[in-house]
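There are 4 protein chains.
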Amino acid sequence: MVIVKGIISMRKRIYEIVDIAKKTDKSSSIYDYTMLLIIVASIVPVCFKTSNVLFIWIDRITVLAFILDYIFRWVTADFKFKDKGAKSFLLYPFTPFAIIDLLSILPSLTALNMGFKLFRLLRLNKVFKVLKILRYSKSFDLILNVIMKEKQALLAVCYLAGGYISLSALIMFSVEPDSFNSFFDAIYWAVVTLTTVGYGDIYPVSNLGRIFGMVSSFMGIAIVALPTGIITAGYMNELNRSDNKSNR
Amino acid sequence: MVIVKGIISMRKRIYEIVDIAKKTDKSSSIYDYTMLLIIVASIVPVCFKTSNVLFIWIDRITVLAFILDYIFRWVTADFKFKDKGAKSFLLYPFTPFAIIDLLSILPSLTALNMGFKLFRLLRLNKVFKVLKILRYSKSFDLILNVIMKEKQALLAVCYLAGGYISLSALIMFSVEPDSFNSFFDAIYWAVVTLTTVGYGDIYPVSNLGRIFGMVSSFMGIAIVALPTGIITAGYMNELNRSDNKSNR
Amino acid sequence: MVIVKGIISMRKRIYEIVDIAKKTDKSSSIYDYTMLLIIVASIVPVCFKTSNVLFIWIDRITVLAFILDYIFRWVTADFKFKDKGAKSFLLYPFTPFAIIDLLSILPSLTALNMGFKLFRLLRLNKVFKVLKILRYSKSFDLILNVIMKEKQALLAVCYLAGGYISLSALIMFSVEPDSFNSFFDAIYWAVVTLTTVGYGDIYPVSNLGRIFGMVSSFMGIAIVALPTGIITAGYMNELNRSDNKSNR
Amino acid sequence: MVIVKGIISMRKRIYEIVDIAKKTDKSSSIYDYTMLLIIVASIVPVCFKTSNVLFIWIDRITVLAFILDYIFRWVTADFKFKDKGAKSFLLYPFTPFAIIDLLSILPSLTALNMGFKLFRLLRLNKVFKVLKILRYSKSFDLILNVIMKEKQALLAVCYLAGGYISLSALIMFSVEPDSFNSFFDAIYWAVVTLTTVGYGDIYPVSNLGRIFGMVSSFMGIAIVALPTGIITAGYMNELNRSDNKSNR
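Chains as they are written, first to last, in the UniProt record's numbering: chain A, 1 to 248; chain B, 1 to 248; chain C, 1 to 248; chain D, 1 to 248.
Since the hints were derived computationally from the structure, they do not count as laboratory data. Here a beta-carbon is modelled for each residue, glycine too, at the ideal position from N, C-alpha and C. Treat the hints with care, since some could be wrong.
Restricting the straight-line Cα-Cα distance to at most 27 Å, the calculated cross-link-like pairs of lysine-lysine (BS3-like) are [said to hold, decoys possible]:
no., chain 1, residue 1, chain 2, residue 2
1, C, Lys26, C, Lys80
2, D, Lys138, C, Lys151
3, D, Lys26, D, Lys151
4, A, Lys149, D, Lys149
5, B, Lys151, B, Lys138
6, C, Lys84, B, Lys149
7, A, Lys26, A, Lys149
8, C, Lys138, C, Lys49
9, A, Lys84, A, Lys5
10, A, Lys138, D, Lys149
11, B, Lys151, C, Lys149
12, A, Lys5, A, Lys82
13, A, Lys149, B, Lys138
14, C, Lys87, C, Lys12
15, B, Lys12, B, Lys87
16, A, Lys151, B, Lys138
17, B, Lys87, B, Lys26
18, D, Lys151, A, Lys138
19, A, Lys5, A, Lys26
20, A, Lys151, B, Lys84
21, D, Lys26, D, Lys12
22, B, Lys151, C, Lys138
23, D, Lys5, D, Lys80
24, D, Lys149, C, Lys151
25, B, Lys149, C, Lys80
26, C, Lys87, C, Lys26
27, C, Lys149, D, Lys5
28, A, Lys149, D, Lys138
29, B, Lys12, B, Lys84
30, D, Lys12, D, Lys82
A few chain B residues that don't get close to chain A, going by computed Cβ distances all over 10 Å [said to hold, decoys possible]:
no., residue
31, Ile7
32, Arg11
33, Glu16
34, Met35
35, Lys49
36, Val127
37, Lys149
38, Phe184
39, Ile231
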């Protein structure tokens, strides 16, 4: 009985430490900053094309920390989902952050076992490590909040922008098939043009194609800029609201 | 008498099904989604450069569906224009969507008859199929609504942007005729520059041309961005208004 | 005495016709539309690189019309400046539109006399013809109105943008002198980058240059976008105000 | 005693002249405009790649003026920091503008001594001269004011934009390592793309890279545009507030 109570209280303490820190809880703050440091360290090898002994050891150590972190979070899942009880342990591995955590661990595990043979194939998976940082970012919380609030408007506007891009690509592909190897190239052209990035790797060369390209960009830039406008406006509102709150 | 009544009630039912669905009418919803699927299927062959037997059969089947849809809509036109009576059947083929519907059918008809000899020439016409989707798009309705509301402001602003683009092109063409094959090239340069796309396929190389290009873009980007600004602002107003309505 | 009165009333009538039309005055409207047509016709030869007999005759006829228009406006200048009396005839040639009118006539006069020997040199001057259109453009009036109203804010902001561009160019020219033939090239790079046009004809290649280029564009785009923001906001205000007026 | 008083009153007068002018103080205005002229003159040699006798003499004379200006400001520092007393003379050299002033002088001093051997190395330092202009710019004051006011919002948003740029670069570098020589190249690509400059010197070529590039720019432009939006909005607010004040 005492042992069970001890385990529960220990698990509670682990949960408090592992979860995002309150300012007053020093151990929790230290854990968060350590994890941030480990995540950043784990990303360093991804920023280089070659591998060396140091990078291999960084990989081994950071993945161990990630595994411990994953276990800690899993065994305390019932504190996270307060009202789900034992079900929490089943639900936890399917939360977005748990999936990111798992995907951060898996490629390195393979690497440990198979001696970096799959290294090139696994490069992409290694990127999931960086997403672990999002857990600790307040700016990300804020922008996610804005996106959630304006979800319906954003969805409608993204649908519209996507539709306009597809339509432009389709017309351009029909007008000037020689400039594009495939329909995908036309989509790429439309996105690069309508976001006004304009690399200059693909552009219309025939007169008809240029005329359509001009009409398309003149009309379409407004439509493709709508998501940007909505996010900016939503962010400003969020700022003003929190300003008003703090002024009261 | 009974037959006439039967035909009228059948035509009414057809109209209810063919026209945009109310949420409660299941047949109408099914018809709409089926048409959407057929439209999307009919566009697939346009996204590829080569043709094959599958694409030919997709074309044949989808065009049949389009013809039936066209006939259904035409024979129930009097329900659409409630107060025009028999005149509706004369007016209907000249409504924008009826023209799009016809243009979606015609190229495929030729294709059926002439064995795809005119295939390349007709590529562009095939694009009209995609415009049929607009009938089912609420986002398009909303943006069309915004454009209609701000029509006068947008017209004035597009006139201004068009004028500025022409003026810039004319001056640039006079300042640096060697960089442009024709006046059309200068117009193309002005649009690509003032929308800030900037592919980099045409740009001024002489000092005088560069100076004018800098002045022109510094002053002109604001003017060419006005339509974007008006559409964004109009869209935001529309959103806020519908938010206020639903909140009351 | 009667002759003097006749001349005055005739000059008054000429002024009414030549000046921008009220809707009720048909002769004046006709004069305006004829002048617009002549201006557009006079620009057509500028849009082509080669000259031919037709273009020479268009030039001769349109310049005659411009000369008559210039004389009409000059001899009725006292109606324009209502309170200046005889001084008006001295002041008129120095008004902006009178200068544009004169510059539209001069190159063609030389052309008449010297047989197009100076044709290439005079290309640029020919562009002044197109500025004559501004007299008849309401959109131009509106935007000029906005610019005048926000004059102080725009000046401050343009000064800031100009300063930032110069500073960026200076630093870039010092950081990476090999990519730029002269300081003018660096200014050109800064304008093309900070307006986000980005042709790709000049860009930093050294690491230091790229770092500075990134910092400069990340911070500077906001500053260079300020004039665009002010003009858009000013235009919106103007639109809302005139909407409110017409709603009352 | 009289001498001390004389020195104090002389120092006070120097401070009044050297510091930014009130409109009524003519000597101070003259000093400011002379310094502006000297600063501009001192920048001229930086705008050219070659050096000549004239530029050497401009350098010598302007650096003398800068040294005098630096001494004047230092010995009157106690008037600037009104309540710090003698400590002012210790604090002054560490104020931002004093550092800029010193950095404007140092490279030219070396130049005087060493006969331009280090000329190329010192090019960058010479740019600090131009920053001296900021002391006299009211537009810079205004924008600095806006930045200070929105400091917290801007910091959060820049953090977000920086994070998004790093994330994009990391994923792109993993997806398509062949297009980028190093991770720095990927960061450069992300900045050039997400600010929509799009030079076209680095861009994805593989299909996977292009898909990610499209998704990244479609979502990221909004986030990278947030600082621009905040500065524009803050500047507009500042303008409106000062308008309201002057209207009261």
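Consistency of the hints with the structure:
no.: 1; hint: C/Lys26 / C/Lys80; result: holds (20 Å)
no.: 2; hint: D/Lys138 / C/Lys151; result: holds (16 Å)
no.: 3; hint: D/Lys26 / D/Lys151; result: violated (36 Å)
no.: 4; hint: A/Lys149 / D/Lys149; result: holds (26 Å)
no.: 5; hint: B/Lys151 / B/Lys138; result: holds (19 Å)
no.: 6; hint: C/Lys84 / B/Lys149; result: violated (45 Å)
no.: 7; hint: A/Lys26 / A/Lys149; result: violated (33 Å)
no.: 8; hint: C/Lys138 / C/Lys49; result: violated (31 Å)
no.: 9; hint: A/Lys84 / A/Lys5; result: holds (20 Å)
no.: 10; hint: A/Lys138 / D/Lys149; result: holds (20 Å)
no.: 11; hint: B/Lys151 / C/Lys149; result: holds (24 Å)
no.: 12; hint: A/Lys5 / A/Lys82; result: holds (18 Å)
no.: 13; hint: A/Lys149 / B/Lys138; result: holds (20 Å)
no.: 14; hint: C/Lys87 / C/Lys12; result: holds (17 Å)
no.: 15; hint: B/Lys12 / B/Lys87; result: holds (17 Å)
no.: 16; hint: A/Lys151 / B/Lys138; result: holds (16 Å)
no.: 17; hint: B/Lys87 / B/Lys26; result: violated (31 Å)
no.: 18; hint: D/Lys151 / A/Lys138; result: holds (16 Å)
no.: 19; hint: A/Lys5 / A/Lys26; result: holds (24 Å)
no.: 20; hint: A/Lys151 / B/Lys84; result: violated (42 Å)
no.: 21; hint: D/Lys26 / D/Lys12; result: holds (16 Å)
no.: 22; hint: B/Lys151 / C/Lys138; result: holds (16 Å)
no.: 23; hint: D/Lys5 / D/Lys80; result: holds (19 Å)
no.: 24; hint: D/Lys149 / C/Lys151; result: holds (24 Å)
no.: 25; hint: B/Lys149 / C/Lys80; result: violated (38 Å)
no.: 26; hint: C/Lys87 / C/Lys26; result: violated (31 Å)
no.: 27; hint: C/Lys149 / D/Lys5; result: violated (52 Å)
no.: 28; hint: A/Lys149 / D/Lys138; result: violated (39 Å)
no.: 29; hint: B/Lys12 / B/Lys84; result: holds (16 Å)
no.: 30; hint: D/Lys12 / D/Lys82; result: holds (12 Å)
no.: 31; hint: Ile7; result: holds (38 Å)
no.: 32; hint: Arg11; result: holds (32 Å)
no.: 33; hint: Glu16; result: holds (26 Å)
no.: 34; hint: Met35; result: holds (16 Å)
no.: 35; hint: Lys49; result: violated (6 Å)
no.: 36; hint: Val127; result: violated (5 Å)
no.: 37; hint: Lys149; result: holds (14 Å)
no.: 38; hint: Phe184; result: violated (7 Å)
no.: 39; hint: Ile231; result: violated (4 Å)
Going down the numbered hints, you'll see the structure goes against 3, 6, 7, 8, 17, 20, 25, 26, 27, 28, 35, 36, 38 and 39, while the others check out.
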